[in-house]
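Novice: Listed below are the residues making up each chain.
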Amino acid sequence: MKRIVLFIPLILFVLLAGFFYAALEMRKTRSVEELQSALIGKPFPAFAGLGLANEPVDLDTLVNGEVTLVNVWGSWCPSCVYEHPYLKQLVERGVRLVGVNYKDTPEEARAWLNRFGDIYAFHIQDPLGSLGIDLGVYGAPETYLIDAEGVIRFKRVGVVDERVWTTQMEPVYRQYGGQLDAE
Amino acid sequence: MIPEFGLIALIFSLLYAILLAALPSLGVIYRKPVLIASAGPLSAMLFLSILISFVLLVWSFLVNDFSLSYVAQNSNALLPWYYKVSATWGAHEGSMLLWVLVLGGWIFAVGGLSNDLQADFRAIALAVLGFVSVGFLLFILLTSNPFDRLLPFPPGEGNDLNPLLQDFGLIVHPPLLYMGYVGFSVAFSFAVAALICGRLDATWARWLRPWTNVAWAFLTLGITLGSWWAYYELGWGGWWFWDPVENASLMPWLVGTALAHSLAVSEKRDMFKRWTLVLALTAFSLSLLGTFLVRSGVLSSVHAFANDPERGLFILLFLSIVVGGSLTLFALRVRDLESTQGFFALSREGALLMNNLLLVLMAAVVLLGTLYPLLVDALALGSVSVGPPYFNLFLMLFGLPMLVFLAMGQRWNWKRMTASKLLAQVPVSLVGALVLGAAVALLVAPSAPLVWIGALLASWILVHSLHDIYQRSRGGRSLKSLRMAYWGMVLGHVGVAVAAVGISFSTELTDFRDVRMQIGSVQQLGDYQFSVEGFRHEEGPNYVAELADIRVSREGKTLALLQPEKRRYLASGSIMTEAGIAGSLWRDLYVSMGEPLGVDDWAMRIHVKPFIRWVWLGALLIALGAVLAIVDKRYRGGAEAEA
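Chains E and U, in that order, are what the protein sequence lines are.
Take the first sequence: its letter number 63 is residue 63 in this note's numbering, and every next letter is one higher.
So the mapping is simple: this note's numbering equals the position in the second sequence, first residue as 1, plus 1000.
To be clear, the hints were calculated from the coordinates, so they are not data collected in a lab.
Note that the structure is a prediction, hence the values are computed from the model and not measured.
Certain hints may be false.
[Said to hold, decoys possible] Listed next, the in silico SDA-like pairs over lysine to any residue satisfying Cα-Cα at most 25 Å (straight line):
1) K103(E) <-> G1598(U)
2) K103(E) <-> L1597(U)
3) K103(E) <-> D1511(U)
4) K103(E) <-> D1601(U)
5) K103(E) <-> E1565(U)
6) K103(E) <-> H1537(U)
7) K88(E) <-> D1065(U)
8) K1566(U) <-> L128(E)
9) K1268(U) <-> G1488(U)
10) K88(E) <-> G1156(U)
11) K1566(U) <-> P127(E)
12) K1557(U) <-> F1535(U)
13) K103(E) <-> E1595(U)
[Claimed, not checked] Only part of the chain U face toward chain E is listed, based on derived beta-carbon distances under 7 Å:
14) E1157
15) N1159
16) G1312
17) L1316
18) S1320
19) L1327
20) T1328
21) A1331
22) V1334
23) L1374
24) A1571
All C-beta atoms in this analysis are idealised placements derived from N, C-alpha and C, irrespective of residue type, glycine included.
Work out the full structure: start from the sequences and follow the hints.
Specialist: Encoded structure:
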């Protein structure tokens, strides 16, 4: 009897460790779903506003029958600078990229684009973040993949780099008929 | 090239750690004195190589090497240099490196200061520590390498350190906390060595006591600083939030407190050895558990580091080996270390056993409350979190009796407390405590129940302590004859009384209001008037701030000018609140800015928080007491046989 008492700490620990293992497994399957926006599979929210050249833009400008990446960015966002070179490579390989200029001023945004290069087909001004609210943006940068009909198929919170693109986004891009030029 | 040298140094650390885990153990098994003696130099080399690696990472921050992914994510060229240094441990990878550096420091200290221990015992203790470092170094190298490069496109500018962490308190908080967490590894390694060598006597306990006390004092300071930081930086006005990460540091603290007391019994009376061993193993296990909870992302928390299940799995595996292994060893070997003496309940050791039980129960309550959301989640009952009411209720339930016992038990004799002594102590102190406590409560807030409880309990502890000092220094003995260890104990316990006053008074008497403030607005809170003198715009090195100038007065007399701020950090765009606080021993005046309602028009929360500083003051006294106790002469003699 006494002998068994000495095993109590060990038994408690084993139970705890098993429990942690289960919790960890659960978290693993959950985190993928959690990061996906509730908007996956839904059409891109309707909007009408101005582009950075003060031209009118709306949902029809965005949805033109091509698979498109919508990148939420701002001149105040250092990670946007960080992901810019890789986005540029994607554009050079034929990907259509549209910017949502999030919580920014047109002057600062244009200065930023002059400095780093405007690789976007066009931009949607979202100075107050209202489109961002409709999209459920956590913060810049975020990148949405919409199909030819304007349905959101994938959402990336954070920087898009080569790893993210090849492992997560490119398969979805191709699945919905997106084309890439050979390098 | 510099970061590559850092990585190489880290790989060398792993090598030394493996050697430290292996060679001395082999030396003990095959009776090779050379291998046994290698433990000392190896521990020094281990520390040195980790230190080099760490310094090189700091260097990469200082020179803005944004080609390192970790630097790019957590620093910015505009950051002042001291925040660049502290950004080193501002996120997961670097803080793990700091963890290992601190571990290396403790190993180095043990290796250098343990020459008077039995060689076998020392070798095994150091080997255990070496094994622990192998796990953590592997963890860093395999899952969390801070020296990862962002090639071929290094960004021109970094992401910036999380603005919450751009603060002096956060420069010092993690190192202090880790000194405490990791310091319990020494007790752990000694427990394992004792189990392996089958040797656990009073010398063992006496040698371990200062190490445990130092680690515990650091942990106390680390937790205190964290709480203080939360108070002035988060702008909520609270000082403890029962956040999982806070709980993760509280659990080892509670068990460490029990350990420090149980070691006293093991040293003085050569008793409670099994219990002391369990506590020594548990304190460090809980440190590791805390690391797991914080780093794996199983719990969500304001502190949570990157959620990476792979990392969680690694730590869980390592945790299982270290904790599971040591507890198995305990179950199999501890019979050889049996304490033979029985003891009398009404004695110092009886009181300490009571203290231990209550502390361990409190740790269990915290553990259960922290894991409860996971449990509910696992049973698919939806996401629930356990609120402060649960923690407050149960900790009070166990904490209040502990304070009652603490006051009396600290005066009791070892072995047996006689009725005549009890009669000489309790009635006098009881009357003293009632008078003092009632006077304080009547003076402060006669109609507040928590104030009465706090005042009476604190007086009970204080009067007992003073009365004890008086009794001990009577009859030809002077105050000087009292040992440092005694003063340390008294100071620590008075610290508990001070903290009890702070907790109970501030909880009951805190007052706040949410108000709208424009220039010229005057708001009344209790006896205090808060009036807005103006608003200003200010630019810091890497942020812009809106400030309010607020005059606080009572009965027409100005008491303080407060300057709460709302900062926008440029690189990340995040908004931070800096509370305006005027503190004193008796009350804090506290204003935090909320949302702007228009031009020069803000929502604010104004607080008056009586006695809140006593919480941290008490904690400081507790840590000071622990330090005072170990400068006692008897810990300087080395490990000669116990008389």
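Novice: Each hint: holds or not?
Specialist: Hint check results:
1. K103(E) <-> G1598(U): Status holds; Cα separation ~18 Å.
2. K103(E) <-> L1597(U): Holds - the C-alpha atoms of L1597(U) and K103(E) are around 19 Å apart, at most 25 Å.
3. K103(E) <-> D1511(U): With a Cα-Cα distance of about 37 Å, the restraint between K103(E) and D1511(U) is violated, given a limit of 25 Å.
4. K103(E) <-> D1601(U): holds, 22 Å
5. K103(E) <-> E1565(U): The given pair, whose Cα atoms are some 22 Å apart, holds under the 25 Å limit.
6. K103(E) <-> H1537(U): Status holds; Cα separation ~21 Å.
7. K88(E) <-> D1065(U): holds, 23 Å
8. K1566(U) <-> L128(E): Roughly 19 Å between the alpha carbons, so the hint for K1566(U) and L128(E) holds.
9. K1268(U) <-> G1488(U): holds, 16 Å
10. K88(E) <-> G1156(U): holds, 16 Å
11. K1566(U) <-> P127(E): holds, 21 Å
12. K1557(U) <-> F1535(U): holds, 22 Å
13. K103(E) <-> E1595(U): holds, 17 Å
14. E1157: holds, 5 Å
15. N1159: Cβ of N1159(U) sits 5 Å from chain E, so the hint holds.
16. G1312: holds, 5 Å
17. L1316: holds, 6 Å
18. S1320: At about 5 Å, which falls below the 7 Å cut-off, the nearest Cβ of chain E leaves the hint on S1320(U) intact, so it holds.
19. L1327: holds, 4 Å
20. T1328: Constraint on T1328(U) satisfied, holds at 6 Å.
21. A1331: holds, 5 Å
22. V1334: It holds, given that the least Cβ distance between V1334(U) and chain E is near 6 Å, below 7 Å.
23. L1374: holds, 5 Å
24. A1571: Holds, because the Cβ-Cβ distance from A1571(U) to chain E comes to roughly 5 Å (cut-off 7 Å).
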